[in-house]
Amino acid sequence: MQPDRTPLLSVDNLEVHFPIRGGVLQRQVGAVKAVDGVSFSLNRGETLSLVGESGCGKSTTGLALMGLVKPTGGRVQFDGQEIRGFNPAALKSYRRRMQIVFQDPFSSLNPRQRVKDIIRAPLDIHNIGTTAEREARVSELMERVGLRPDQADNFAHQFSGGQRQRIGIARALALKPDVIVCDEPVSALDVSVQAQILNLLSDLQRDLGVSYLAISHDLGVVEFISHRVAVMYLGKIVEIAPKAAIFAAPGHPYTELLMRSAPSRDPRKRHSFSASNDDIPSATKKPSGCPFHTRCPLVTAVCKTTEPALTARDDGRLVACHNR
Amino acid sequence: MSDMTTDTSLPVLQVSDLDIEIRGDNGAFAVVSDMNLSVRAGETLCIVGESGCGKSMTALSLLRLLPDAAAITRGKVLIDGEDFLAMNQRQVEDFRGEKIAMIFQEPLTALNPVLRIGEQIAEAVRQHRKCSRREADTRAVDVLRLVQMPDPERRAGQFPHELSGGMRQRAMIALALACDPKIIIADEPTTALDVTIQAQILGLISDLQKRLGTAQILITHDLGVVSEVADRVIVMYAGRKVEEASIYDLFDRPFHPYTIGLMGAVPGAGASSEAGDRLADIPGTVPPLWALPKGCAFAPRCPGASARCLEERPPFEEKRPGHWAACWEHDDAA
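Residue numbers (the working numbering), protein chains in the order written: chain A, 1 to 324; chain B, 325 to 658.
Hints are computed from structural coordinates only; laboratory data are not their basis. Worth double-checking, as some hints may not be accurate.
[Said to hold, decoys possible] Residues of chain B clear of chain A, computed beta-carbon distances all greater than 12 Å:
| # | residue |
| --- | --- |
| 1 | N350 |
| 2 | A395 |
| 3 | L409 |
| 4 | Q413 |
| 5 | E443 |
| 6 | T462 |
| 7 | Q524 |
| 8 | L616 |
[As the list claims (entries may be wrong)] Below are the EDC-like pairs computed for lysine to aspartate or glutamate, each with C-alpha atoms no more than 16 Å apart in a straight line:
| # | chain 1 | residue 1 | chain 2 | residue 2 |
| --- | --- | --- | --- | --- |
| 9 | B | K534 | B | D504 |
| 10 | A | K285 | B | E486 |
| 11 | A | K92 | A | E135 |
| 12 | A | K269 | B | D573 |
| 13 | A | K269 | B | D504 |
| 14 | A | K70 | A | D12 |
Every residue, glycine too, gets a C-beta built ideally from N, C-alpha and C.
Excised from the complex, chain A in its bound form:
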């Protein structure tokens, strides 16, 4: 399915800085710039993946958009309306249309609640429908995500990991949202079950037209699920491009490194991975200039002093690199 081209969500220069406090007075002595000026848009029915390694800010971006951590800067527009100040009242109506599925289906479901109550909770909070209607909706949702409605009285711990993730998806779908943030939705699952959940997400998008902001470190998952891909490194987007383009030819040297690091699927085409140590710098002590310059094979003098802007290339992609 080809997504509609009107941006549903547009994020402009989003920042999430966490203060570092020190000394007896606990004054702010620095900041962890977890998300440092991230801009992108998400269309109706589209999947945009945020991909990157630990500490790149992909999950914090997702949490900030849900209002689960407060952004320290930037603008977010949803369906043409600006989400001002992320205050509780503004968030409540916005959250009806934007939901999240978490990575860990074990810790994100209340073990003392019955499945029907977990899935029904969003309907109760937003006061939608009568009791009977809510119950009917719960059965419908359970069926929709591949659970048997007669299991509605069971507790979450009676389900396997894959089934719990289905419960999480049903809860996210309860309010018929336009956007679902999927934060590593399958990384805690076994491969065979992971495929079931990816297929479910794909079916739901086809049938309901929901958009996904998918957060993942797994390039295989990203390649399967996305229409467009944004690669993040130390709080910045370094490349954003249509899926086919980015997998055919990575633009940014970091995207290239990521793809070269993914294990081969063919034992006859093994990589000769370099064994030498090359670590990701921390977000507290970000390198000057281009954040990737300490690991970049194309590094030149300008990379160490001037941060490259994300600029458009002729094939419709944006890349932040002086030398590409």
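Given the structure of chain A, go ahead and fit chain B onto it with the hints provided.
Chain B only, in chain A's frame:
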């Protein structure tokens, strides 16, 4: 790359007819049954499977590190020709580190947080070798250099929390190598790492094996890792081997429907997919080990299951030369 049929050197590790049981709330049940495996010097055997298939229990049993609730109830483990299961605690401790060593998944929990990296390695060296403290310290820096730890003298004086994830895993590999073991068991050694760091550690593992000729058993759920490092592969399902073959035979022509299913379920394996495509998933879930079905454990999820599969468990047999599987299906192509 070793060849099962022509290589006549004795395996450094040989496991025969191993059964492992857990006594739990649901009574006693088997977690590993009829495990047979062997590895030779310089060979990498990968054991692949999903959670609960018994791959980690197999690994732990090879070092006699099983949790209290689990026990080996049958079988033999020969390490360098010696019967490891018949040894007393003292002999076992001598063997660990010296002959067989383990690399764990999570270096932050496997390393001692209050001991400097160098001290932990030196301690292991002094456990096994008569040498002075200074010689042990020198050895610690040497193995850190061997695993390409940057600035090894300085890192030896640091605590695990001061190192990055990749460096911690290097420190753990150094610890495992400290006494030149003949066999290394690595349980998901790169699962906790980011992909660019995983690539470095996989590069390091292959590089070290080439130089040291250690026999290696690598436990993983990731077929990509298998494809990068294995010489031979065992696929496990619900506590049993379902397939065993050389890496090329397995990837070229997998036999068991479970292996075929696993390979199809990995996203991104095919040509670039279109959004909206479907993956070939395996329906259902792994049965709990305390309530395994009567016949083949995979039969309830198997697309080709017959009445016989539901009734009788298929034997593990050679389907093609050097290619073993437990399935009632015959090889029509052979």
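The hints, checked one at a time:
{"no.": "1", "hint": "N350", "verdict": "holds, 14 Å"}
{"no.": "2", "hint": "A395", "verdict": "holds, 26 Å"}
{"no.": "3", "hint": "L409", "verdict": "holds, 31 Å"}
{"no.": "4", "hint": "Q413", "verdict": "holds, 36 Å"}
{"no.": "5", "hint": "E443", "verdict": "holds, 21 Å"}
{"no.": "6", "hint": "T462", "verdict": "holds, 21 Å"}
{"no.": "7", "hint": "Q524", "verdict": "violated, 6 Å"}
{"no.": "8", "hint": "L616", "verdict": "holds, 15 Å"}
{"no.": "9", "hint": "K534(B) <-> D504(B)", "verdict": "holds, 14 Å"}
{"no.": "10", "hint": "K285(A) <-> E486(B)", "verdict": "holds, 15 Å"}
{"no.": "11", "hint": "K92(A) <-> E135(A)", "verdict": "violated, 22 Å"}
{"no.": "12", "hint": "K269(A) <-> D573(B)", "verdict": "holds, 15 Å"}
{"no.": "13", "hint": "K269(A) <-> D504(B)", "verdict": "violated, 30 Å"}
{"no.": "14", "hint": "K70(A) <-> D12(A)", "verdict": "holds, 15 Å"}
Figure legend: structure checked against the earlier numbered hints; hints not met, in rising order: 7, 11, 13.
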